[in-house]
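Just need the whole structure built from these sequences, with the hints factored in.
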Amino acid sequence: MGKIFFYAALALVVVSGLIFAPAEAKLAIHPMDQFQVSALFGDHISWYTPTNVTLWMALAVAAVFALLVLGSSRRAIVPGRAQSVAELAYGFIYKMVEDVAGKDGVKFFPYIMTLFMFIVMANFLGLIPGSFTTTSHIAVTAVLAALVFFTVTIVGFVKNGVGFLGLFWVSSAPLALRPILAIIELISYFVRPVSHSIRLAGNVMAGHAVLKVFAGFAAALGMFSFLPIFAITAVYALEVLVAFIQAYVFTILTCVYLKDALHPSH
Amino acid sequence: MEGDIAQLGQFVGAGLAAIGSGAAAIGVGHVAGNFLAGALRNPSAAAGQTATLFIGIAFAEALGIFSFLVALLLMFAV
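Protein sequences, first through last, are from chains U and Z. Be aware that the first sequence starts at 1, since it is given in this note's numbering, and climbs by one per residue. Be aware that the second sequence starts at 1001, since it is given in this note's numbering, and climbs by one per residue.
Rather than coming from a laboratory, the hints here were simulated on the basis of the structure. Since we're looking at a predicted model, the values are computed, not measured. From the three backbone atoms N, C-alpha and C, an ideal C-beta is built for every residue, glycine too. Please note: incorrect hints may appear among the correct ones.
Some chain U residues near chain Z, calculated using beta-carbon distances under 10 Å [claimed, not checked]: (1) MET96; (2) ARG199; (3) ALA206; (4) HIS208; (5) ALA220; (6) TYR248.
Shown next, in the form of structure tokens:
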């Protein structure tokens, strides 16, 4: 049955490629146009204007609300589909926080759960064709990463006082090496929010740009356009995986940074 | 910067920056391959180390993303 379906889909793609082949094939690829920020009403953009970025961020929050609050509101003993997913996500993140940040990191579980659900929903909503991917903008991810950075730094100083600086003073190294290592540790500490934000935005942006580039190939190849369409299908499947893994990586690195703040000794 | 030579430099630079993606691929493959080698020797300890695996992959991959970013900046922002 599955095989018949597969061959039918294959034939459909090939035939449609033959029928709808553009008369004059032209290679026109604009992979970056999809990341254009535009106002929903009118042309003027200032800090309070509703744009497509704010719209899709609001939709991501609404999706998280629908899944976690509405999905689990019935509190069924035998959970339905939405409730199962909500419980699975909760248990997954709770275990991650407990394992990586330790028992006293569980206090920060609501924050990390919020981060994870927002990023994963923004990534998944961005994969809907024609939608806008908010996490592809470094402006969005930089704010998330800066929040994590300031939270972690403040928590570290509040919990340990000056002892938090022990994070940069590697007491297991020879004494002569310690000042040099301290400088390296300091630099790596301040590069954290940079790599933290660019990793997420870069991955998501790269994936979407690749999809657009293959779409451009499909438009240019005429009757052979089914070849790039297969590639797009494969890349899209990879992107679904990447959307989840990058949200996971973002949150797990938050947990790692949190562990450093709670237990700064080397 | 305008002119053909500047544009040539942009394109060549972007292509050179793309080498970084391949280097990151080597790094990620190294992490995942070594994890698998260790996991097959001691499968019972593997489940507890998947978080470490993803952290390692993330660090290796971040540098490849940086090179991709350099290529993008050269192509569209310079």
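Violating hint indices (sorted, rising): Of the numbered hints given earlier, those the structure breaks are 4, 5, listed in rising order.
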